[in-house]
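Undergrad: What follows is the residue order along each chain.
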Amino acid sequence: MHMAYADFPYLSSILFSCVGGLLIILFIPEDKKDIIKWVSAVCSGITLLISVYLFFAYDKTQGGLQFVEKVQWIPSLGITYFNGADGFGLPMLLLTGIVFFTGVLTMWELQIRVKEFFALIFLLVTGVFGLFMSMDLFFIFIWYDVSLFPMYLLIAVWGSTRKEYAAMKLTLYLLAGSALILPAIIYLVVKSGFNTFDLVALMHPGTFSPFEQKFAFLLLYIGFGILAGVWPFHTWSPVGHVAAPTAVSMIHAGVLMKIGAFGVLRVAIFLCPEGWQYWAHLMALLAVVGIVYGVFVGLSQTDLKFVIGYSSVSHMGIVGLGLATVTVEGLNGAVFQMFAHGVMTALFFSSVGYIYDRTHTKTIAELGGLSRIMPVATGYFIVAALTGIGVPCLASFWAELTVFISSFKVYPVYGTLAVCALVVSALFILRVVQQTCYGPKNERFAHLEDVSFKLGIPRMILVSIIVFFGLFPNVMMDMIQTASIPFVNGLP
Amino acid sequence: MMSWIIFSPEFYFLMAGTAFLGLSMARRVRPEQVYFIALILASVGVGVCLACVRLTGDLFLGTYRVDLFSQVFKVMLSMGLFLVVCLCTELDGIEERLHPEFYFLLNICTLSMMMLVSSVHLLTIFVALELSSYSLYTLVFLRKGRDRGIDAGIKYFLIGASASAMMLFGFALLYGSIQTAYLVEILKILPGVIHQPVTIIALILLLSGFFFKLAVFPFHFWAPDVYESAANQVTTYIATASKVAAIAILMRIVALGGGGSTYLVHVLVTLSIVSMTIGNLAAVVQKDLKRLLAYSSIAHAGYVLIGILSMNPDGYAGAIFYALSLLMMKFTCFLVVVKVADDGRNLDIEHLAGLHRRSPILAMALMLSLFGLAGIPPTIGFTGKLLIFTAAMQKGYFTLVLIAMINVVISLYYYLLVVKAAYLLIPGKELPDLKISPSIKVLAGLLILGMVGGGIFPNYIIELSKAAAIVLL
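Protein chains in written order, with the numbering used here: chain A, 1 to 492; chain B, 1 to 473.
No lab work stands behind these hints: they were computed from the structure.
Every value quoted in this text rests on a predicted model; they were computed, and no experiment measured them.
Heads up, some of the hints might be wrong.
In the DSS-like style, the derived pairs of lysine-lysine whose C-alpha atoms are separated by at most 25 Å in a straight line are [what the hints assert, rightly or not]:
1. A:K32 / B:K441
2. B:K435 / A:K115
3. B:K287 / B:K429
4. A:K115 / A:K37
5. A:K169 / B:K287
6. A:K115 / A:K454
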């Protein structure tokens, strides 16, 4: 793999601004809430700027791993601090920057335990950024866990709706995932005989026997798959999304679930390509079951956030289906879908969060006619809903289209099922939109204010990104292809 | 003359013990004065041990060896003593007139454990082990409110005595079959005769004594009761320093086998799995924080055994590293117990309610230490587990690692319950902020730094553990 070392540690500076923000917040007195929020906004803004810069500064003609930073960490165990960005990692870094920044802005109205909230968010996002840029298995595992354990407190303290149950379930499920990942990682490192956790070194073809690859792939796929919401390990996800506070739902559904899918790609598929081909059919099956299941369970939900939660299961199924095709188009679509779904869910939760903060209900039946009361807020909601359905000119459309085309070629039956499910999902999302936004005005909520311009900024950013990548999907596709084409062509 | 310098840590703690013996006979010494003396003596003790860390040599006709392995453990033991003494500002669990005796026993116990980690002859091992056990029995008895301490003390004593008896029987069998009591000689002969049933039985019986110390199944019954009934500071000492010593001597003995016996490995694997599973499952239902920590100690004994039974340098290095990380993490938990239960009472988990308001730094230290015990990165506990699991994987014990990881998930459940109590529960009535002296805040801060720093920059400690482990073989 081509590697270009960084002339400036851009990737580390993303981490530094997260950790720096965390430390600054820890030393600000509890009652200076505005200062804490401004520090958070500035630090998260810096991460967004750097990730945007990296996205466009990446040399697509060269491809490979760029902005590489490599420092020996624990030489006796072969652990290096090894960061790099490629066509798979950069869209994810960009996504994290976007969701983090808009998430912080969305929580501008928070008043309870502000300092702890933002400190934990920074810790969580440090882990997420770290995972997307790290090329060392040890650090990938560390970042995975760093991004998980703040979730417990974030949901249990600031959440709603059975929050303690949801927090405990989520944490235990995800750590059960890590209980499979760690043995698999150690197994691969020991079997390689290289005494190194360096992903690029371990990727060398012929390092692992076919049996080792099949075995480790299954463990890694299930381990990371739990976080990616793969059916039947998804049950933590709708419960967790519903209980979490708005920004956490945004980061969680928008970015954290992508960690799972990205882990499958970066660790399982990169290290065990033969295992990938061997288990691809199982992956496709689980993915399609997830798509169909998510849609049909979503149909019967009465809680707005549950609807989004199950649609996430369904959309993450599309990512899984793309990964299971073992083709360039499938990988392109899967990564694009991770990005598009991340931005879309962030917008979804952000607008639902606004509605919930005002009306204090998420029950669809109690809402209604909101478009007459808060037209702008419902506008954001509707854009998110349309993106979820896959309306053309919005980002998800291209992602889903690519995945479906490739899956038709490889698994015609599953592809057909998935497309049918998508039609049903249009039905259920439109039903939700119709019941909450249209119909007679609910007098109880008549006095409520619409989204102010200031509070609307994060949502506007999200909408513009969805539209931008809907109109210019090639910006993203060209990026992903720099990684997917060499990888798939290099398969044995 | 030169050779006696290597004995200076032991000599120092003998002197310190004697000083407290003298103090216990003096009248009119205020508890604060005793505490102050103890603190100074213990901190100098750490210095003495650190100064002697690179010394090597043999003493007492080759029955006593000073090497990097023993010296590293002596540093840990003296640190353990120092940390426990730091907690003794409110020594309310023990009557005031008995304070000098308490420090006397504490110092003597540390001395005997230091002798234990240096012993390379079956008899010195036995003498040192019994000396430390008897000090601990008495320490457990010292708890104010007689019934409780005595009840647990008797249980501790009886199980300990029977474990010692089994160990002695093991010594006899071993001596009978290979005609020597020097570990160096045994190391040469044993791998050749390891497949004889009598040797294996001898080794397993012999190990029982140390299993008792470490609270490994089936010698774990004393742990919950003793942890619960002993004074908080004594429990801290049992949970930290005495575990460290037990890990050290267990490594010395298992290393004798040279990794030759599959039977021995099978026995150890079984004990390890049963220990961690029993410990973790029982901990889930505990209400008393000290009992919970006792069961978690049993589980951790199981994890440590994984490193030891791997019988390769990496495994031993991992176990040494794990001993250090356990010392720090367990101590941090008990720091919180002692400070929240400031009148020396026992602490229920729900009494932690509102801790994050009453003392943010203690709450944070508690959370990090619990996450560390659960093995979540980037804490020192994760690095320890990684080392141990890597060593086991090198030997091909994949299933064992997987079972251990499943246990980690189980353990996380009850650790999270404690975190929840500290961060989420709202106390029934408004409780005042905890009065915590600046020095304890600094201590808590240092522990936090140590636990996180040891997780992020473990390189130096790993190198040291590896160097110490190589001495063992």
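Undergrad: Hints the structure violates: just list their numbers, smallest first.
TA: When the structure is compared with the hints, none of them turns out to be violated.
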